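Given the coordinates of chain A, assemble chains B, C, D, E and F onto it according to the supplied hints.
Number of protein chains: 6
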Amino acid sequence: MFRYDPHLQFTSKPDKPDAVLAMKMQELIGGQFGEMTVMMQYLFQGFNCRMPGKYKDMIMDIGTEEIGHVEMLSTMVARLLEGAPAETTEKAVAANPVLGAIIGGMNPQHAIIGGGGALPFNSQGIPWQAGYIVASGNLLADFRSNVSAEAQSRLQTSRIYGMTDDPGVKAMLQFNLARDTFHQQQWLLGIQNLIDDGLSDSPLEDSRSAEEDKVHDHTFWSFRTEPSRAAEGRWASGPALVGDQQIQYLPEPAALTDDDGLLPPPDPELFATYDGDQGPGAPGTAGGAAATGAKTVAGKIKDALT
Amino acid sequence: MFRYDPHLQFTSKPDKPDAVLAMKMQELIGGQFGEMTVMMQYLFQGFNCRMPGKYKDMIMDIGTEEIGHVEMLSTMVARLLEGAPAETTEKAVAANPVLGAIIGGMNPQHAIIGGGGALPFNSQGIPWQAGYIVASGNLLADFRSNVSAEAQSRLQTSRIYGMTDDPGVKAMLQFNLARDTFHQQQWLLGIQNLIDDGLSDSPLEDSRSAEEDKVHDHTFWSFRTEPSRAAEGRWASGPALVGDQQIQYLPEPAALTDDDGLLPPPDPELFATYDGDQGPGAPGTAGGAAATGAKTVAGKIKDALT
Amino acid sequence: MFRYDPHLQFTSKPDKPDAVLAMKMQELIGGQFGEMTVMMQYLFQGFNCRMPGKYKDMIMDIGTEEIGHVEMLSTMVARLLEGAPAETTEKAVAANPVLGAIIGGMNPQHAIIGGGGALPFNSQGIPWQAGYIVASGNLLADFRSNVSAEAQSRLQTSRIYGMTDDPGVKAMLQFNLARDTFHQQQWLLGIQNLIDDGLSDSPLEDSRSAEEDKVHDHTFWSFRTEPSRAAEGRWASGPALVGDQQIQYLPEPAALTDDDGLLPPPDPELFATYDGDQGPGAPGTAGGAAATGAKTVAGKIKDALT
Amino acid sequence: MFRYDPHLQFTSKPDKPDAVLAMKMQELIGGQFGEMTVMMQYLFQGFNCRMPGKYKDMIMDIGTEEIGHVEMLSTMVARLLEGAPAETTEKAVAANPVLGAIIGGMNPQHAIIGGGGALPFNSQGIPWQAGYIVASGNLLADFRSNVSAEAQSRLQTSRIYGMTDDPGVKAMLQFNLARDTFHQQQWLLGIQNLIDDGLSDSPLEDSRSAEEDKVHDHTFWSFRTEPSRAAEGRWASGPALVGDQQIQYLPEPAALTDDDGLLPPPDPELFATYDGDQGPGAPGTAGGAAATGAKTVAGKIKDALT
Amino acid sequence: MFRYDPHLQFTSKPDKPDAVLAMKMQELIGGQFGEMTVMMQYLFQGFNCRMPGKYKDMIMDIGTEEIGHVEMLSTMVARLLEGAPAETTEKAVAANPVLGAIIGGMNPQHAIIGGGGALPFNSQGIPWQAGYIVASGNLLADFRSNVSAEAQSRLQTSRIYGMTDDPGVKAMLQFNLARDTFHQQQWLLGIQNLIDDGLSDSPLEDSRSAEEDKVHDHTFWSFRTEPSRAAEGRWASGPALVGDQQIQYLPEPAALTDDDGLLPPPDPELFATYDGDQGPGAPGTAGGAAATGAKTVAGKIKDALT
Amino acid sequence: MFRYDPHLQFTSKPDKPDAVLAMKMQELIGGQFGEMTVMMQYLFQGFNCRMPGKYKDMIMDIGTEEIGHVEMLSTMVARLLEGAPAETTEKAVAANPVLGAIIGGMNPQHAIIGGGGALPFNSQGIPWQAGYIVASGNLLADFRSNVSAEAQSRLQTSRIYGMTDDPGVKAMLQFNLARDTFHQQQWLLGIQNLIDDGLSDSPLEDSRSAEEDKVHDHTFWSFRTEPSRAAEGRWASGPALVGDQQIQYLPEPAALTDDDGLLPPPDPELFATYDGDQGPGAPGTAGGAAATGAKTVAGKIKDALT
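Residue numbers (numbering that gives the first Met the number 0), protein chains in the order written: chain A, 0 to 305; chain B, 0 to 305; chain C, 0 to 305; chain D, 0 to 305; chain E, 0 to 305; chain F, 0 to 305.
Honestly, the hints are just simulated from the structure, not real lab data.
Hints may contain errors.
Here are the computed lysine-lysine pairs in the DSS-like style, where the Cα-Cα straight-line distance is at most 25 Å [as the list claims (entries may be wrong)]: (1) B:Lys-12 with F:Lys-15; (2) F:Lys-15 with F:Lys-169; (3) C:Lys-213 with D:Lys-169; (4) D:Lys-53 with E:Lys-169; (5) F:Lys-213 with E:Lys-169; (6) B:Lys-12 with B:Lys-169; (7) A:Lys-12 with A:Lys-169; (8) D:Lys-12 with D:Lys-213; (9) F:Lys-12 with B:Lys-53; (10) D:Lys-53 with C:Lys-12; (11) B:Lys-15 with B:Lys-169; (12) A:Lys-12 with C:Lys-53; (13) E:Lys-213 with E:Lys-12; (14) A:Lys-169 with A:Lys-15; (15) C:Lys-169 with C:Lys-15; (16) B:Lys-213 with A:Lys-169; (17) F:Lys-169 with F:Lys-12; (18) E:Lys-169 with E:Lys-15; (19) E:Lys-169 with F:Lys-53; (20) B:Lys-213 with A:Lys-213; (21) D:Lys-12 with C:Lys-213; (22) D:Lys-12 with E:Lys-12; (23) C:Lys-12 with C:Lys-213; (24) D:Lys-15 with D:Lys-169; (25) C:Lys-12 with A:Lys-53; (26) F:Lys-169 with E:Lys-12; (27) A:Lys-12 with B:Lys-15; (28) F:Lys-213 with E:Lys-213; (29) A:Lys-213 with B:Lys-169; (30) C:Lys-169 with D:Lys-12.
For the chain F half of the interface with chain D, some residues (derived, Cβ under 7 Å), not all of them [claimed, not checked]: (31) Gly-103; (32) Ser-122; (33) Arg-158; (34) Thr-224.
None of these values were measured; they are calculated from a predicted model.
Glycine included, every Cβ here is placed at the ideal spot set by N, Cα and C.
Isolated chain A, as found in the complex (with noise of 0.2 Å):
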């Protein structure tokens, strides 16, 4: 549950408004690294975490101050959209034709749908969407998905500051700045918790490490007809980061395999364009590994039931 407190965590106030820079940092709000995808990742990192102390509460305090970033950007945004040119577009051009190019810079949507308030959209005017977002129960992958999240929050925030010379705007932005400098280190120091913990056996994903293909998890595979510089680089040799194997490096590299993904005849039902070359499909039911697979678990039923 939570509470509202009416006072925004830091001054938001540019000296003077600018709708074209309002249209900028909506990407800060509203962006695939926008605000509104950080304070929804980790609020639902929160409600799912599985165990209750230390990461919960940081997921937790960290995504409630994210709804606030929210809120001062949008004020920022409100703030930036003062006196914008919404009136007749010819008249405005007329008394300053200067006008025309702030007109054809700033977002039309932020007069004609939010009447001069901020959108949960991007620079574009695209909708936030949930697909942005990942909350995956499993604490290690998603704090480097977070890491990524505040990194390139910070660089978008980086590009914009040197877009204006507001200080208003300047100064909130060195305050976010900062914020994403210590959460970029917050979740960093997480991961390093989780293996101090015990909770993750390495700084990789490493779930069921015991099954994976030992054979092809240290080797650089390089794809290019022509030498490759990627050789020169620390991934393509020299110690994996887990294990006790060398990386390998693999230039113009041989299929591992000579299958070369001929299909099986189609259903016939499906119209699928087929020459007959594999003898004729047949339709679901009839030959398909499905039905055989379902017929046995048919028999099971059975044994089951009777």
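Okay, now just chains B, C, D, E and F, sitting in the frame of chain A:
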């Protein structure tokens, strides 16, 4: 420019078809972290890479490998669909009642749209989309995203591995697990290489670090109304990962501002609800700073042109 | 800024797991009218509200409550997924044939993506997206949307209520039904308050009412080729809700114009198919009114600058 | 079955082209509340209506009218695009520098994709999608959604009305404002009719009202950490709209439960991070209630079949 | 403007309900090639058609027919859903265990969202979206898209036809197959008519054909690392369809350039990773050709205005 | 499996940067008919092709070529973005006022997200999505879709060609026009080959042609309320393309049925609005044919198992 070697990288042959498993394996093709994601993510990172040499070559090598992984998984799905029930449902169930479960669990689009072939969709039939990927031009940030994608992809592979007993499927998934293990390492070693080569100052995205707010880049904020066990984590104390500050834990922190987010009077032409308490709003051109700023620029145009 | 109170608003405990119900309940989290919708809709309406005081506070109060509802429903879904079949399908079906139905009906993404936790998706696995919500700045229009969202949400809750006998689930849904009942009232009373406070002239969105076409704002048009029983409804006769006109019913109405939608000759550079009947089209700059209008403005720029 | 009357419902002729306005008007065609939304929403509500007679006829009448509105607006957009700059940008700007602003503000897809015609997209080029609409079969809930759609649509029309001085465009928008005014009334009167006809007990969606939690259907909860002025609204006191209870205002409410959302041990096959504090988790088939429930059913199958 | 004739074009009555089939038939309503696609595609092509006369009338005629097809299919789906299991799942399965398969296979959104009616979604519950359609203004290109849509739609209809034995459903699908056959012809004949009327020079989209690279418009490139049997096809030899050149087959072709895609030094303000090998990059305004180009234009503005 | 040849297929070098053109060219990368579409469409058609030999090889050859086209266009876009204005907007405009137009017209995501590189998006910043493509297994239907994609793609290329004077860009687009011309032919010749090889009976998709309704497969229906000039087209008279029937033109056709689409009484558990005129509805299990059908099957299970 690309070439096609008409063999699969690794054998992709199930021992017998299984339409329900085919549906689940679509997640590994067209899901958020499926092979289409890593393929397109790495190709775009490679196309946009600014440095000829080992980094660009490495990225293109793995991007090219991933096209082949889409091929392997698509082939596997098409083979798993052999004999899948596509004909009259009732007739099928009458002939073999257990088919009902298979029919319930399979994706009918495999028949209706794909004619028994793989689809560029996830396990719920949602088309893959480029909003899943990132290619920012900043290799440190992108390698972080790549580690994340490989970790999540491996985790999903591992989960699906547990959903089948088919030796052919398991053999291919063991190969995929191995490649995901190696690729996680590859990107982590890439980050190390960036630092070693002086292309990044730290393991964190830290552009414009001189301008970030140094007061707030090493504090953990707890927003919990009751004591939070987040204080027990490494992220809440100890040295920061960059710089020489100590991380601080802030329980029940007050807002850093008394800014309550009050917005300015709205443009009356937008019909936002407003009670006039802050005085009348002004239409876009008349009072807004956008116009003000524009006027200044207009003067500069005049100066420049006359 | 927000705070986290580490208790659920209301108990969210099923008596026993039910993976199929978990899938259905996702509609109440990430569907078009799920809790994510009302949460984000109210938060953005609150962030963008122009008036400090009872309206903004009310919107933020309910927005904050709804974050907790996402938490409640996510917890319920995760608990319903306990012991859901995620392992080898065939083995599971052999051990207990009826599991086939459950496997067919559950969403495998709950296992593959969510690791047994809730997802920010609807009941068909479609990610929530911000295109569902609206925050227009006009409280009358937005409160209308809020009533609609609560009514549809309550209806879906009521339908799902009938799909389970689980006392724990039913108890929570009874609470949700109650909140949706209250929230419908809350927004309707909010509309009444807007009128009482003089912030809206009528229960209709009526901005620029003085400029609207008064001939056509009180007529019901029937487009049926046979007599329409729509004439029997209150919407087809009687006094209009605003103003003092009587509603009129127009059967088989003629078009109000002889404009047949004929388009002008196309720009030849765009290769739209055209037979030249209206004379030659002209490329963009040469003849179009955009250029014409622009030329006028260009004159004004010149006037302004010289 | 439908018929086409080859005249527009109302004249859709701008006095002169304006490519920037054309882009903005796309919001009224393919936006969240554009004419495509009301057209498809009403048609599906009509197709799914269970009652022959005035309700179904009314819904189909207005749905049919809205197809014609899509036609009117598309025609207007195509005419506004006449002579829009589609040729070499630099050449155009050299010939008429002010074209730069137009080029910046127009949607190049109008040329590239549409060849100078209207698109089924919103003002940011986002394709219309059916996730915007609802047709629930419950007319009370759907009429609420319809009022909302007409109100938001009218507001957006009104905002765009202020962005042009073109008399032809304004005349058509005045017609549209009028229809949106009438249609708001139509749906509100429809709700009244449902109540008068005994098809709804109250103006609220209240299915299964006997089962809802009566303790929590008349309380306003304030989640603000400081006193909330929401207490001053009509929604916080006075009689409820249905039933005979008084609305109650609850400041700083405690959670209704001590349920802290702790989740059960995870299925080890899913590799959710877990420290074992609640004892070992069990794979899906072994311990989960899904299996338990299924076993019960299995017994019933046996009983039924033997 | 449209009219509604309150009869279906063709009877849409199943002999008995079948909720699983209802789910599959949604593909024919709201899928990529469902009736909503052809309906909206043809209507927008008609609205945007530049020539009054037989082409525009034909397009509008078929667009109007397709609205009625959406109606037919929606009616069929709603009737197929009669008596679909929407109540307590466990109770239902206890009463009739085989219902489990139906429950697994049906779309619960038909109950939860649609109240037993059709949805504007595909067979996986994905909302229809306008990104499926095209209306380019070029009738040759659009008629090609229309043939494609009718062919794919007919194929899907044919596949679903094989999934049912219901005589009522089959009768309607036989009608739909017939219309799709005719409509394929209609668009192919339309292409022929465009050529006969001199509105297109060839059956190919060939705008600006005089400017296209004549060396590369008649060569088949094989990118296979092993000999390709593609050389055996008619597309690899013989006369080209337009012009008088012979098609040439190019095995293992070399790149036409030694351009290796090296990108220029990045703008340092964007923090793209860069080792400085090509010298320092410059911020946007200082060195970029955009600025250079702009400066030139600036001179022209000055010339024009002074 | 794929290989990477580190040269572009054709030179992709603009003479000078142009950020606005870069934005427009994104349509050719990530738009509905961009290179990502043909690349993924052909690869999936190839992966799913049932016949080893010339068809599969041809499809894979062109699919592989298209990956290289994505590379060419991405390289072009990144080079066009050189020196694009990414820094402080106001400062830039002050230094060079005409930059305002460029800033208005460019896509800021090129800087914020892509760091000066190409994006997998269309010209409005909408991510590419797999809902654009089709791979049905039926080569005739798919080749129709491929012709359509090449024709639309060529048309868009041709339109953008007219928007630039840059010789480098034009040279590459001339190459692209040529390839699109050849590829249109390739797919048309492929259709001819399918017929010549006996893999298709006609140029139409005609699966289950024996079962289609022969009365309605050769009639043009006009739904116009006034005489339609559609009667003048070849599609309205003359011999059908298959079979020996003459096409018939039906003006103002009556419905083929008196089925008015009346739906059965709703399941009361779904709360669809209903007046009881058709008698009471029944809950899912009690009366529906789904249950009826299921009971029959249940008997068959019993028969099969006992």
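Hints, verified against the model:
A distance of roughly 51 Å separates the Cα atoms of Lys-12 of chain B and Lys-15 of chain F; the hinted pair therefore is violated under the 25 Å criterion. Restraint check: the Cα-Cα separation between Lys-15 of chain F and Lys-169 of chain F comes to about 12 Å, which is no more than 25 Å; the hinted pair holds. With a CA separation close to 14 Å, the supplied pair Lys-213 of chain C and Lys-169 of chain D stays within the 25 Å bound. Only pairs whose Cα atoms come within 25 Å are accepted, and Lys-53 of chain D paired with Lys-169 of chain E is rejected, the gap being roughly 32 Å.
As the CA atoms of Lys-213 of chain F and Lys-169 of chain E are separated by approximately 14 Å, the hinted pair is consistent with the 25 Å bound. Restraint check for Lys-12 of chain B and Lys-169 of chain B: the C-alpha separation of about 10 Å stays at or below 25 Å, so the hint holds. Distance hint between Lys-12 of chain A and Lys-169 of chain A is fulfilled; the C-alpha atoms sit about 10 Å from each other, no more than 25 Å. In summary, the hint linking Lys-12 of chain D to Lys-213 of chain D is not supported, as the alpha carbons are separated by about 56 Å, beyond the 25 Å threshold.
The hinted pair formed by Lys-12 of chain F and Lys-53 of chain B meets the criterion: a straight-line CA distance of about 23 Å does not exceed 25 Å. With a C-alpha separation of about 45 Å, the suggested pair Lys-53 of chain D and Lys-12 of chain C falls outside the 25 Å cut-off, and the hint is violated. Restraint check for Lys-15 of chain B and Lys-169 of chain B: the C-alpha separation of about 12 Å stays at or below 25 Å, so the hint holds. At most 25 Å may separate the alpha-carbon atoms for a hinted pair to count; Lys-12 of chain A and Lys-53 of chain C meet this at roughly 23 Å.
Among the hinted pairs, Lys-213 of chain E with Lys-12 of chain E is inconsistent with the structure: their alpha-carbon atoms are about 56 Å apart, more than 25 Å. A C-alpha spacing of about 12 Å is found between Lys-169 of chain A and Lys-15 of chain A, which places the hinted pair at or below 25 Å, so the restraint holds. At roughly 12 Å between alpha-carbon atoms, Lys-169 of chain C and Lys-15 of chain C fall within 25 Å of each other, so this suggested pair holds. A hinted pair counts as satisfied when its Cα atoms are at most 25 Å apart, and Lys-213 of chain B with Lys-169 of chain A qualifies at roughly 14 Å.
Among the hinted pairs, Lys-169 of chain F with Lys-12 of chain F is consistent with the structure: their alpha-carbon atoms are about 10 Å apart, no more than 25 Å. About 12 Å separates the Cα atoms of Lys-169 of chain E and Lys-15 of chain E, which keeps this hinted pair within 25 Å; it holds. Note on Lys-169 of chain E and Lys-53 of chain F: the hinted pairing is violated, with a Cα-Cα distance of about 37 Å set against a maximum of 25 Å. This hinted pair does not check out: Lys-213 of chain B and Lys-213 of chain A have alpha carbons roughly 46 Å apart, beyond 25 Å.
Proposed proximity of Lys-12 of chain D and Lys-213 of chain C is supported: the alpha carbons are some 20 Å apart, at most 25 Å. Proposed proximity of Lys-12 of chain D and Lys-12 of chain E is contradicted: the alpha carbons are some 44 Å apart, above 25 Å. With a C-alpha separation of about 56 Å, the suggested pair Lys-12 of chain C and Lys-213 of chain C falls outside the 25 Å cut-off, and the hint is violated. Distance restraint check for Lys-15 of chain D and Lys-169 of chain D: the Cα-Cα separation of roughly 12 Å lies within the 25 Å cut-off, and the hinted pair is therefore satisfied.
Taking the CA atoms of Lys-12 of chain C and Lys-53 of chain A, the gap is near 23 Å; set against the 25 Å cutoff, the hint holds. A threshold of 25 Å between alpha carbons decides the hint, and for Lys-169 of chain F with Lys-12 of chain E the separation of about 57 Å lies outside it, so the pair is violated. This hinted pair does not check out: Lys-12 of chain A and Lys-15 of chain B have alpha carbons roughly 64 Å apart, beyond 25 Å. Straight-line distance between C-alpha atoms of Lys-213 of chain F and Lys-213 of chain E comes to about 46 Å, which puts the hinted pair past the 25 Å bound.
With a C-alpha separation of about 14 Å, the suggested pair Lys-213 of chain A and Lys-169 of chain B falls inside the 25 Å cut-off, and the hint holds. Among the hinted pairs, Lys-169 of chain C with Lys-12 of chain D is inconsistent with the structure: their alpha-carbon atoms are about 57 Å apart, more than 25 Å. For Gly-103 of chain F, the interface hint holds, the least distance from its beta-carbon to any beta-carbon of chain D being 3 Å, beneath 7 Å. Below 7 Å, beta-carbon pairs count as interface contacts, and Ser-122 of chain F has one with chain D at about 6 Å; its hint therefore holds.
Here the hint on Arg-158 of chain F is kept, as its CB sits about 5 Å from the closest CB of chain D, short of 7 Å. Checking Thr-224 of chain F against chain D: minimum C-beta separation of about 5 Å stays under 7 Å; hint holds.
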